[in-house]
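Engineer: Residue strings, one per chain:
There are 2 protein chains.
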Amino acid sequence: MKITHYNEILPVTMNNDLVKDVAGRVLIGQEEGAPNFCMRFFEMGPGGYTPKHTHDWEHEVFVHQGNGEVFVDAKWHPLSPGSAIFVPPNVVHQFKNTSEKIFTFICLVPSKAPEL
Amino acid sequence: MKITHYNEILPVTMNNDLVKDVAGRVLIGQEEGAPNFCMRFFEMGPGGYTPKHTHDWEHEVFVHQGNGEVFVDAKWHPLSPGSAIFVPPNVVHQFKNTSEKIFTFICLVPSKAPEL
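Residue numbers (the working numbering), protein chains in the order written: chain A, 1 to 116; chain B, 1 to 116.
Hints in this document: simulated from the structure, not taken from any laboratory. It cannot be assumed that every hint is accurate.
If chains are identical, the list can't say which one is meant, so a pair holds when it fits in one copy or spans any two.
[As the list claims (entries may be wrong)] Straight line, CA to CA, 30 Å or less: simulated DSS-like cross-link-like pairs of lysine-lysine:
| hint | residue 1 | residue 2 |
| --- | --- | --- |
| 1 | Lys2 | Lys112 |
| 2 | Lys2 | Lys75 |
| 3 | Lys52 | Lys2 |
| 4 | Lys112 | Lys20 |
| 5 | Lys20 | Lys75 |
| 6 | Lys75 | Lys112 |
| 7 | Lys101 | Lys75 |
| 8 | Lys101 | Lys112 |
| 9 | Lys52 | Lys101 |
So here's chain A without its partners, still in its complex pose (with noise of 0.2 Å):
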């Protein structure tokens, strides 16, 4: 059993070519006994991107605050609180921050997909 709050973990901030002020952290994984999924937070500053990328695993993620888009099917969709998004394996994707604020959501992978 396990219970948090996402900021009583430090998160680990993300900026390289591909990845523009994201802060993951992972809430549910391996390390409670997580026997088939992991969820990660994420926060995302103004202006800031996930990677356009593709792998194997699937993603189920959940809009917590701000607004956003996702980028698949080779365009941008808009995301708000609440807003549930999947993204099947081997399916192009990238998420974004479109506003002046913080925009966080959760994101699920398998447990075969690394944590973070």
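For chain A, the structure is supplied; the task is to place chain B on it using the hints.
Structural biologist: Using the frame of chain A, we list chain B on its own:
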């Protein structure tokens, strides 16, 4: 691929001897072809609660809005927006709304579990 918002999905309301004022929705599951786990969204009215029960699959929960509590390990623990809860298989648990506003959270289960 699916992009939705929880308010675009008709809720299933639950009210009986074990559950009070709970509305559930499947956001991502078998219908979308999710291969490993299922994302559900729950709203709970003031005074509402889920059943106190146990089952042989895990929960990964993230609190979206409002304030409530979870019962695990024989006591109640406070929850607020941004709280994450891992309930391992075969652990007794219950959620309740302790506020005067709606309490909402997502709760993920592996594909072998009932979706709702």
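Engineer: Hints first: check each against the structure and report whether it holds.
Structural biologist: Hints, one by one, checked against the model:
1. Lys2 to Lys112: both (21 Å within a copy, 22 Å between copies)
2. Lys2 to Lys75: For Lys2 and Lys75, the Cα distance is within 30 Å only across copies (13 Å; inside one copy 38 Å).
3. Lys52 to Lys2: Intra 32 Å, inter 18 Å, cutoff 30 Å: inter-copy only.
4. Lys112 to Lys20: within (25 Å within a copy, 37 Å between copies)
5. Lys20 to Lys75: within (20 Å within a copy, 42 Å between copies)
6. Lys75 to Lys112: Classified as within; 28 Å inside a copy, 33 Å across copies.
7. Lys101 to Lys75: within (23 Å within a copy, 37 Å between copies)
8. Lys101 to Lys112: Neither. Shortest intra-copy (33 Å) and inter-copy (38 Å) distances fail the 30 Å Cα cut-off.
9. Lys52 to Lys101: within (22 Å within a copy, 39 Å between copies)
Going down the numbered hints, you'll see the structure goes against just number 8.
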